[in-house]
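Can you build the whole structure from these sequences, using the hints too?
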Amino acid sequence: MWRCPLCQQPLHQSERTWRCENRHAFDEAKSGYLNLLPVQQKKSKQPGDDKTMLNARRSFHDAKGYAPLMAALVEIIAEHMPADQALTVFDAGCGEGSYLGYIADALTECGRAVQASGSDIAKHAVDLAAKRYKNCFFAVASSVNLPLADASQNVMLQVFAPGSDSEYERLIAPGGLLIKVDPAQQHLWSIKQAIYDNPREHEVNFAEKPGFTRLTEQRVSFTVDLSDDQTRQALLEMTPYYWRLPRDKADDVFADITRVEADFAVHVWQRTHS
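If you're matching positions, the sequence shown starts at 259 in our numbering and goes up one per residue.
Heads up, none of these hints are tricks.
Computed list of lysine-lysine pairs in PhoX-like fashion (alpha-carbon distance at most 20 Å, straight line):
(1) K392 to K381
(2) K389 to K288
(3) K288 to K392
(4) K381 to K288
(5) K389 to K309
(6) K381 to K309
(7) K507 to K450
(8) K309 to K288
In case anyone wonders, no lab produced these hints; they're calculated from the structure.
Right under this line is the structure:
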């Protein structure tokens, strides 16, 4: 399924090494992922989210903080993809893998045949994902230069991550889905109110995309219980708001927040057949 990030030829596996016909070789890490991010595509020594934010994200998802959103994504895929079709699902910007792992497990439990894969530019994120979700495939890669074959994916996910419309147009098979999740107007509103004198709502746009038909926009909103100190701290540490304040001030500002709004806009496009 992977293709060489240097020459774009298919990669073939031999034990723990993947090679293309031009003899570029990539070894699997101990946890099972591939590093398909050439040094010339890096913009920093350690691109992507740092370990603290990623570990916080894993802890928060383990507490099922955004489980209703994950369940909604499964429902969207089940509704719009034929029940008898084997699916290739790819999470572009997968982070530590919680969304992809949840979706792959849920679809499998429903009797769907699923090949689930994901990539992230942060090496630590992909390592965390590969260590836990052994039923999925992972690679370190840039979301604007994905190491995948043309028209190879039935479902592409873009959850709070940057992406490339031209890559999605190249990679999604006719009839396949592009599912994009963004914060909606009231997302984490209580946290924003604690920081800003005049907090602004998120702007939500459902833009047209070449090669795709707009299917639906869905609002997914619920309240997250933060009465558990570990869950609360994990949510704070995985957001940028917490890190904009000195640590002692941040702890004081957020001390009384025990519930917070989760508000998401889920946009769904379908790849046209032309």
